[in-house]
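Peer 1: Spelled out, the chains give:
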Amino acid sequence: MLVIQNGRVVDPKNQLDQTCDLYIKNGKVAAIGQAPEGQSISQSIDASGKVVIPGLIDLCAHVREPGYTQKATIASETAAAVAGGITTLVTPPTTKPVVDNPAVAELIIDRAEATGLAHVLPMGALTQGLQGEQLSPMHALSSSGCVAFSNARQGIPSALVLLRCLEYAATHDFLVIFQPQDHELAAKGCMHDDTTCTRLGLAGIPETAETVEVARCLLLVEQTGVRAHFGQLSAERSVRMVTDARKLGLRVTADVSIHHLLLTDVNVNGFNSLFHVIPPLRSQLDRAGLLHGLVTDGIQAICSDHQPHDPAAKQAPFAATEPGISGLETLLPLGLMLVKQQLLSLPQLIEKLTSAPASILQINKGSLGIGSDADICIFDPETQWQLSDENCVSAGKNSPFMGVPLQGKVIHTLINGKTVFQA
Amino acid sequence: MFEIQDPNSIQLNSEGQLKHFITTEGLSKALLTEIIETADSFADMSAQQVKKVPLLRGKTVVNLFFESSTRTLSTFELAAKRLSADVLNLNISTSSTSKGETLKDTLQTLEAMHSDMFVVRHSDSGAAHFIAEHVTPNVAVINAGDGRHAHPTQAMLDMLTIKRHKGDFSPLIVAIVGDILHSRVARSQIHALRTLGAAEIRVIAPTTLLPKNIEALGVKVFTNMQAGLKDADVVIMLRLQKERMQSALLPSESEFYKLFGLTNEKLQHAKPDAVVMHPGPINRGVEIESAVADGPKSLILDQVTNGIAVRMAVMSMSMSGQMTEKNLKSEAQ
Numbered sequence: 002m003l004v005i006q007n008g009r010v011v012d013p014k015n016q017l018d019q020t021c022d023l024y025i026k027n028g029k030v031a032a033i034g035q036a037p038e039g040q041s042i043s044q045s046i047d048a049s050g051k052v053v054i055p056g057l058i059d060l061c062a063h064v065r066e067p068g069y070t071q072k073a074t075i076a077s078e079t080a081a082a083v084a085g086g087i088t089t090l091v092t093p094p095t096t097k098p099v100v101d102n103p104a105v106a107e108l109i110i111d112r113a114e115a116t117g118l119a120h121v122l123p124m125g126a127l128t129q130g131l132q133g134e135q136l137s138p139m140h141a142l143s144s145s146g147c148v149a150f151s152n153a154r155q156g157i158p159s160a161l162v163l164l165r166c167l168e169y170a171a172t173h174d175f176l177v178i179f180q181p182q183d184h185e186l187a188a189k190g191c192m193h194d195d196t197t198c199t200r201l202g203l204a205g206i207p208e209t210a211e212t213v214e215v216a217r218c219l220l221l222v223e224q225t226g227v228r229a230h231f232g233q234l235s236a237e238r239s240v241r242m243v244t245d246a247r248k249l250g251l252r253v254t255a256d257v258s259i260h261h262l263l264l265t266d267v268n269v270n271g272f273n274s275l276f277h278v279i280p281p282l283r284s285q286l287d288r289a290g291l292l293h294g295l296v297t298d299g300i301q302a303i304c305s306d307h308q309p310h311d312p313a314a315k316q317a318p319f320a321a322t323e324p325g326i327s328g329l330e331t332l333l334p335l336g337l338m339l340v341k342q343q344l345l346s347l348p349q350l351i352e353k354l355t356s357a358p359a360s361i362l363q364i365n366k367g368s369l370g371i372g373s374d375a376d377i378c379i380f381d382p383e384t385q386w387q388l389s390d391e392n393c394v395s396a397g398k399n400s401p402f403m404g405v406p407l408q409g410k411v412i413h414t415l416i417n418g419k420t421v422f423q424a
Numbered sequence: 072m073f074e075i076q077d078p079n080s081i082q083l084n085s086e087g088q089l090k091h092f093i094t095t096e097g098l099s100k101a102l103l104t105e106i107i108e109t110a111d112s113f114a115d116m117s118a119q120q121v122k123k124v125p126l127l128r129g130k131t132v133v134n135l136f137f138e139s140s141t142r143t144l145s146t147f148e149l150a151a152k153r154l155s156a157d158v159l160n161l162n163i164s165t166s167s168t169s170k171g172e173t174l175k176d177t178l179q180t181l182e183a184m185h186s187d188m189f190v191v192r193h194s195d196s197g198a199a200h201f202i203a204e205h206v207t208p209n210v211a212v213i214n215a216g217d218g219r220h221a222h223p224t225q226a227m228l229d230m231l232t233i234k235r236h237k238g239d240f241s242p243l244i245v246a247i248v249g250d251i252l253h254s255r256v257a258r259s260q261i262h263a264l265r266t267l268g269a270a271e272i273r274v275i276a277p278t279t280l281l282p283k284n285i286e287a288l289g290v291k292v293f294t295n296m297q298a299g300l301k302d303a304d305v306v307i308m309l310r311l312q313k314e315r316m317q318s319a320l321l322p323s324e325s326e327f328y329k330l331f332g333l334t335n336e337k338l339q340h341a342k343p344d345a346v347v348m349h350p351g352p353i354n355r356g357v358e359i360e361s362a363v364a365d366g367p368k369s370l371i372l373d374q375v376t377n378g379i380a381v382r383m384a385v386m387s388m389s390m391s392g393q394m395t396e397k398n399l400k401s402e403a404q
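In order, the protein sequence lines correspond to chains A and B. First residue of the first sequence? That's 2 in my numbering, and the numbers climb one at a time after it. First residue of the second sequence? That's 72 in my numbering, and the numbers climb one at a time after it.
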């Protein structure tokens, strides 16, 4: 039996926040506080002064495999995940080929298992080839391990096709994940349409590119009763719409990427392509709305929206660069920044990174209850550090947070009770 | 968490002199005035028999045009030649990029030829800024137009033209009319006019051709041409691209001309001594009536002449700023 001794154990699902010992046997949590009788301790980890939490569950992380292995691989990104305390990743279906047949889903899951680091749970494509025309074989994809279905940001122009997708998903109680963006309104835009965009002369993406699509999706969710989740909301008005829908009793949830909680469109000044993300960084008002949503239950989870890139993808004039931030290793320390700024309590933050995403996915993870999988993250809340090209594990070094002073570092990650990362 | 980058940090050397010319935004009044005055002296010289000065003798200037252009390219070429530089014109839109070469690769290839200055036109906003960030030290970058972001030499030649006809900027009401949304010229003019102290800067356009929150740049917005032209001292017309009709921004050229085209009749609303400018090439009967374009108030051809002088000014100033920085660095070592 393994014991993690004397750490501050924070398990929001079980309302636990106390310094105690955690016992692990056969890959499961065996006991908390008192050692179970008649068991010998074979291994111990000293967690004095450290925080012990369930392994993080990231609702959106691109691992680029299959199809874009010049950017990153399942092996490289699951290594980055566990270095960031993330034990479960949900990956969008935008691989090449897309996840619209069981073979692709199985390939992703098999490669992740062969690597033996973080769990990788693929989203299946909602339509074949993400073309927005024909339904994908959702039942077969689900049987192969897809945890949800999404058309990513490709959009489904026909409201009728979208309605049919949602009806079919509802038939099987599958989760549908929207990354809402109206294609026409977003057009060729690359940043939030406001003063900074006007000054820089970049093509703008108005807030309505997101909100028009959120509204359309919500109306069809209401009609079909499907379980739906909105990924990476960027606009304050979207949060309000989702909050209102929840009040009406719709089965909808939402997440936000950590960078939308910390950055705004003003950061794009100087044409720094590391701030090129889709959905775009929006106004201070939107950022405040997203933060407000986190404490009023409009937004349940925080994700990394991890998008690793090769260096060339970011070395061009702003609009010609590929969007996305490499975010696995900074998810927790940036979240702790919100705690330090007293925008969230520590248990609130941990909930948004563990039990809330688990509950959205309906998986038996994200808690330290007795009998649950021993996917565990231990971090030192005091360690000051900076992400750099050298210490960044992800193959994608495209982070605007490189060199930014961070506090709180993962020192130990376990999956099914086995150490997969140790600082 | 992050300091917001000052647009000047890229284009000024440690002495506050111009070393690249990327944007008019954020440049001091003194520096803009220096550009105008330097250009003014070159303009007088251009009228003389011997038109050359040796300020860039032995230097190689590469005109790097990723977007086609006739007047901007030819005035840059003439300007470089009058400064005694060797000039290479490259029209990249038809060569490397179609072979998949990235902008950075193209730049490195050209740097290997030991150029001293790049004059860059590109359809992406921020392209000149990107090149200035990645270019080898001591090579100057002049922005000849990047996307919708900036066209600073056009703005400065317009400032020189206004200065020569109106003298002082402080009492002037300047109206900029037409496709503000897609216009790098308008953005650069607005920054320059504001810094030079124009009394009022107006933009006149239908809402579909106005960028979001343009007021934040310090302009008054008018959607009615007559109201916007009232008492204006300077009227700057912008070119309307035909593509705008296809992208549902306007119903038709004729409706635009009826509402926003500059005719002698509409010009009656401006001051009697108002002048009319246009960065060219003009669309007669779309944004401007021929009688106005060729009329006594039109400064359109003066603008072209002044363009050479302004380009000579910023090229010589940027090269000198680079030399100063180089000397300071070698002294420090």
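Source of the hints: derived by calculation from the structure; they are not laboratory data. It is possible that some hints are incorrect.
Which stretches of chain A does chain B cover? Using the computed rule of at least three CB atoms under 8 Å from a CB of chain B, they are [stated by the list, open to error]:
hint: 1; region: 190–197
hint: 2; region: 200–210
hint: 3; region: 241–248
Each computed DSSO-like pair below joins lysine-lysine, with the alpha-carbon atoms no more than 30 Å apart [stated by the list, open to error]:
hint: 4; chain 1: A; residue 1: K341; chain 2: A; residue 2: K398
hint: 5; chain 1: A; residue 1: K189; chain 2: B; residue 2: K342
hint: 6; chain 1: A; residue 1: K189; chain 2: B; residue 2: K283
hint: 7; chain 1: A; residue 1: K398; chain 2: B; residue 2: K122
hint: 8; chain 1: A; residue 1: K29; chain 2: A; residue 2: K315
hint: 9; chain 1: B; residue 1: K175; chain 2: A; residue 2: K315
hint: 10; chain 1: A; residue 1: K315; chain 2: B; residue 2: K283
hint: 11; chain 1: B; residue 1: K313; chain 2: A; residue 2: K189
hint: 12; chain 1: B; residue 1: K329; chain 2: B; residue 2: K100
hint: 13; chain 1: B; residue 1: K368; chain 2: B; residue 2: K122
hint: 14; chain 1: B; residue 1: K342; chain 2: B; residue 2: K397
hint: 15; chain 1: B; residue 1: K175; chain 2: A; residue 2: K189
hint: 16; chain 1: B; residue 1: K175; chain 2: A; residue 2: K97
hint: 17; chain 1: B; residue 1: K122; chain 2: B; residue 2: K175
These numbers were taken from a predicted model, which means no experiment stands behind them. Even glycine gets a Cβ: it sits at the ideal position worked out from N, Cα and C.
Peer 1: Mind listing which of the numbered hints don't hold for this structure, in increasing order?
Peer 2: 3, 5, 7, 8, 12, 14, 17
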